[in-house]
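2 protein chains.
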Amino acid sequence: MSSTPKTEVFKTERLVIIGLGLIGGSLACALQKARAAGEVSIKTIVGCNRSLEGLKAAKQNGVIDEFCTDAAETVKDADIVVLGVPVLSIRPILEQIRSHLKPGAIVSDVGSVKQLVVDDMTELLTNTGVHWVPAHPIAGSEQSGVSAAQPGLFKGRKVILTPSENSEPRAVAQIDAMWRATGAERFHMSVSEHDRVLAATSHLPHLLAFSLVDTLASQERGWDVFKFAAGGFRDFSRIAASDPKMWHDIFLSNREAVIEALDLFSADLTNLRQHLLDEDGESLIEVFKRAKAARDHFEEQFQNTGSDIE
Amino acid sequence: MSSTPKTEVFKTERLVIIGLGLIGGSLACALQKARAAGEVSIKTIVGCNRSLEGLKAAKQNGVIDEFCTDAAETVKDADIVVLGVPVLSIRPILEQIRSHLKPGAIVSDVGSVKQLVVDDMTELLTNTGVHWVPAHPIAGSEQSGVSAAQPGLFKGRKVILTPSENSEPRAVAQIDAMWRATGAERFHMSVSEHDRVLAATSHLPHLLAFSLVDTLASQERGWDVFKFAAGGFRDFSRIAASDPKMWHDIFLSNREAVIEALDLFSADLTNLRQHLLDEDGESLIEVFKRAKAARDHFEEQFQNTGSDIE
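Heads up: the protein sequence lines correspond to chains Y and X, in order. Yeah, the first sequence ends on 310 if you go by the working numbering, and it's all consecutive. Yeah, the second sequence ends on 1310 if you go by the working numbering, and it's all consecutive.
Careful: at least some of the hints might be erroneous.
[Unchecked claim] Okay, derived cross-link-like pairs now, DSSO-like style, lysine-lysine, Cα gap no bigger than 30 Å in a straight line:
1. K1245(X) / K292(Y)
2. K245(Y) / K1292(X)
3. K56(Y) / K1289(X)
4. K245(Y) / K76(Y)
What the hints contain is simulated information worked out from the structure, not anything from laboratory work.
Looking at chain Y on its own, in the form it has when it is part of the complex:
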């Protein structure tokens, strides 16, 4: 629309994405699309994985311009390096690349946990002349891998940046602008707030889904029990199909906040069990009504904030 105010163009020369999976790949896709539309100016988008699998196809499909399997080598002239790897792989990669980064380069990530990442970046990047701006795009699906990447994954979705007081403002603005180009809404938040909110709304639900599916599958009937499960169970348990390694990393990295959220949940669940034992229908329906009102509110809000992931 002609009335849309002109926004600043995201400009960089060499953008390297280490760990070209669903999130890294979708970031590349979205930036390629923005570039084709003249909305950003990026000279080269580079994908880096340890194995060639996926990289070749990604180049062929126009997701990336170049690829490389050596992280240290590929960051040498990088202006921006986005780490798209699982949270616990960030530290070993930082150790590999830190001495190869050029001064002024910006390092960011896409991890679902921020305290550990900030600690690692602070320890390994301080006094290297490199800037770091941790970020977390709240988007994804139970699918994984660059083959599931899509340019619209972040459209209308939220990206949380957790810069510190010491962060270089220009570096923060660059990462913010990069995510703006994907169509995402950006929020800046403290590290501890991020980790607590995500423990509650993402990590705990994943833990419950993994746990329930495993409990059911371990019963006498085994997988047969799922024969009579319906669409409600399908939705509820979808996140239990998520990548085990990625979630292993998230839970170990955000242990304390997850346990805190889990204990709050368990206390309420114990109360609910007591209501059941007591045949206390009034208390049950009170909880269900409150939950339904909150869930209906969430749905409305969710539908008003951009496209869904399909």
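Keeping the supplied structure of chain Y fixed, place chain X upon it in accordance with the hints.
Relative to the frame of chain Y, chain X by itself:
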């Protein structure tokens, strides 16, 4: 296809659905569609609710042929009466209608819990000359009301019938044929097996979803916490938007089986919490991998069994 064997036509004169909500309404829709295609022979499909709201629109939209707000009055000449009401409303309705049913009439229901329904039917219908065949279509959505009804709701879905040794075979065959006409796959199962399986795959997930959403909404941030929830949480919590009254009834009616399933789940969740405390990544990933394998199996099975509810 011409090679399809000719199946027996479902034939009845007067079919009354008491409680024309999502399930009752969708049953009516599906039967109307089958009737229009010449697959069933039903003289009159009658909808009965206490209030006129919905009934008039349902008639106008061709969902039902007639409607009535007086259950006792409307069952007088009925050949089949399907109770589409919440589980705890079945008993009071049976008390209302039992002396008005004609000998040979068949009473069925759509309740998600069967022991209580069987107990009520056995107590109230024995020696009345009326047959009863409890049934449970495993289909639905977080939506409710006849306005959400759709003819395809049961297509490819499963319907569990729980007849007893004393059930009249012709009556069982009639209810089976009725559900076959909706495109559903029918299973016959014992009452206790039904209630245990449903407690695990449906009732417990609903309890967890209601409980988690309520826990989150009750925190300091209140509904604001949902601002940063993503598609995974959306799927996981969808069933928390289900009808509180209906679920209140289900939980009270299937208390023992639900508590049994909940306790199994809680024991496993406690172990998972200990793995977290112990930073025992190996055990965590083992659980997640098992869960993912089971969930992937379920998804494959689910996709191969007919249409989804959308």
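Worksheet item: So which of the earlier hints does this model not fit?
Response: Failing hints: none at all.
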